[in-house]
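Visitor: What follows is the residue order along each chain.
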Amino acid sequence: MHTIDFVAPIFGLIWGMVIYILLRQNKSKPELWPRILGFGVGTYAFLSLMTASMLSLPKSEFLAYTVENLFWSLPLGIIGYVGGRAYARRRENKK
Amino acid sequence: MTEASGTTVGEDRFCEAPLWGYPYGETRFTTGTMYTDKLFTGQREETGLGIYHYGARFYSPKLGRFLSPDTLVPGYGNPQAWNHYSYVLGNPLKFTDPTGHMQASDDPKCNGCTMPLPICSSSICNPNYPPSGGGGNGGSGQGDDEPVSSTPTPSSTPQPTNVPTLDTPDLCDITTSRDCQLSAASLIATVVAAVPGPIGWVGFAVDVVATVIAIGRTNDDYHQGEISRTRQYALNITGIVGVLPGGLLGEWAFPVSFVAGLANLLMTASGLPN
Numbered sequence: 001m002h003t004i005d006f007v008a009p010i011f012g013l014i015w016g017m018v019i020y021i022l023l024r025q026n027k028s029k030p031e032l033w034p035r036i037l038g039f040g041v042g043t044y045a046f047l048s049l050m051t052a053s054m055l056s057l058p059k060s061e062f063l064a065y066t067v068e069n070l071f072w073s074l075p076l077g078i079i080g081y082v083g084g085r086a087y088a089r090r091r092e093n094k095k
Numbered sequence: 001m002t003e004a005s006g007t008t009v010g011e012d013r014f015c016e017a018p019l020w021g022y023p024y025g026e027t028r029f030t031t032g033t034m035y036t037d038k039l040f041t042g043q044r045e046e047t048g049l050g051i052y053h054y055g056a057r058f059y060s061p062k063l064g065r066f067l068s069p070d071t072l073v074p075g076y077g078n079p080q081a082w083n084h085y086s087y088v089l090g091n092p093l094k095f096t097d098p099t100g101h102m103q104a105s106d107d108p109k110c111n112g113c114t115m116p117l118p119i120c121s122s123s124i125c126n127p128n129y130p131p132s133g134g135g136g137n138g139g140s141g142q143g144d145d146e147p148v149s150s151t152p153t154p155s156s157t158p159q160p161t162n163v164p165t166l167d168t169p170d171l172c173d174i175t176t177s178r179d180c181q182l183s184a185a186s187l188i189a190t191v192v193a194a195v196p197g198p199i200g201w202v203g204f205a206v207d208v209v210a211t212v213i214a215i216g217r218t219n220d221d222y223h224q225g226e227i228s229r230t231r232q233y234a235l236n237i238t239g240i241v242g243v244l245p246g247g248l249l250g251e252w253a254f255p256v257s258f259v260a261g262l263a264n265l266l267m268t269a270s271g272l273p274n
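These protein sequence lines are chains A and B, in that order. Per this note's numbering, residue 1 is the first one in the first sequence, and the count goes up by one each step. Per this note's numbering, residue 1 is the first one in the second sequence, and the count goes up by one each step.
Hints were generated in silico from the structure; no laboratory data involved. A portion of the hints provided could be inaccurate.
As the list claims (entries may be wrong) - What the simulated footprint calls covered on chain A by chain B, stretch by stretch (three residues with Cβ under 8 Å from a Cβ of chain B suffice, anywhere in the stretch; the number is not a length):
1) 27-33
2) 38-45
3) 48-55
4) 70-79
As the list claims (entries may be wrong) - Label-pair restraints from in silico Cβ distances:
5) R35(A) / R229(B): 31 to 37 Å
6) K94(B) / D5(A): 25 to 31 Å
7) D5(A) / F58(B): 27 to 33 Å
8) A56(B) / A64(A): 30 to 36 Å
9) T230(B) / K29(A): 31 to 37 Å
10) G55(B) / F39(A): 52 to 58 Å
11) L93(B) / P9(A): 37 to 43 Å
12) F71(A) / P273(B): 18 to 24 Å
13) F39(A) / K94(B): 41 to 47 Å
14) T230(B) / N26(A): 45 to 51 Å
15) L74(A) / W252(B): 20 to 26 Å
16) V18(A) / Q224(B): 56 to 62 Å
17) P79(B) / L74(A): 24 to 30 Å
18) P79(B) / R24(A): 47 to 53 Å
What the hints assert, rightly or not - No more than 25 Å apart at the CA atoms, straight line, and that leaves these computed lysine to any residue pairs for SDA-like:
19) K29(A) / P198(B)
20) K27(A) / V259(B)
21) K29(A) / G200(B)
22) K94(A) / Q43(B)
23) K29(A) / L262(B)
24) K27(A) / G197(B)
For every residue, glycine included, the Cβ atom is placed at its ideal position computed from N, Cα and C.
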């Protein structure tokens, strides 16, 4: 187990707690959940990937791995968005 | 006989006299009589021509280049591999070329394997690496960088060498390989995510976290030249498809994401595609 392996789980824990609190408070409308989850997952993925890359790769490749990480964060953000939409629909169906 | 390092001098069991050579295989000088034409890295020298027959191609130690272009590119991830005439990625101190097609390593992780490093150090080629304790035989790249003792264990009897083939891939050791652990965790989380209610959302979150870590490791392996672009895309795309939630494909989401997760695990375990 290397130190770098803790980067993404720690980011994930923080991000998960924020999302959980936001959703539990019921202050956010279900219409906003897709955006919250989509932006949350995308940002979390990008920050985790960038931190891990900066710790393990040389600065000369900064531009290369920034583009790479943006590229791979995008589908994860979309999946978060779709997941949030599914969650909101399920909640509305229960009502 | 010269070793892969080229500068190492030793006496081969077929030789009466040692042969000294430069890194790219050019002979510096030799003494006595050579009873074999298998010289630099064990390849056969064409007597009188000063070139070696590497199976697929002829190699000139004087030029440090092959005399004909390679018919395949051993890993697009490394620009050194794009030169079809270059010898072992320009690094004869680290690699040999048993086939004339691609480099192989004398790295202890490889245990006699003649595959390129990403496959070589994965479980497909050497399930017994590392010899003792932790470390990994990671599927996405080189595995974990655990120190390996360079001192061979003395033994009076020759140890059986494990030379596996691509036809019989072994599944990765989930207790040691970080990549396999992540892939397996992602697959289990995919199943848990299909459960309705909060448990399903926990599974989804774990799936996302495991996938992000796996993508980070795969991208780093690619940027460090350890895996090809093909393998990077194959692992990352199957990882992302494995996180698909129910909202995207409806009732098809679970089967599709499960199959993608399974494919990801198999690719991680087998070291394929290279």
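Visitor: Kindly indicate which numbered hints from before are broken by the structure, ordering the numbers from low to high.
Guide: As far as the earlier hints go, 1, 7, 9, 16, 20, 22 and 23 are violated by this structure, in ascending order.
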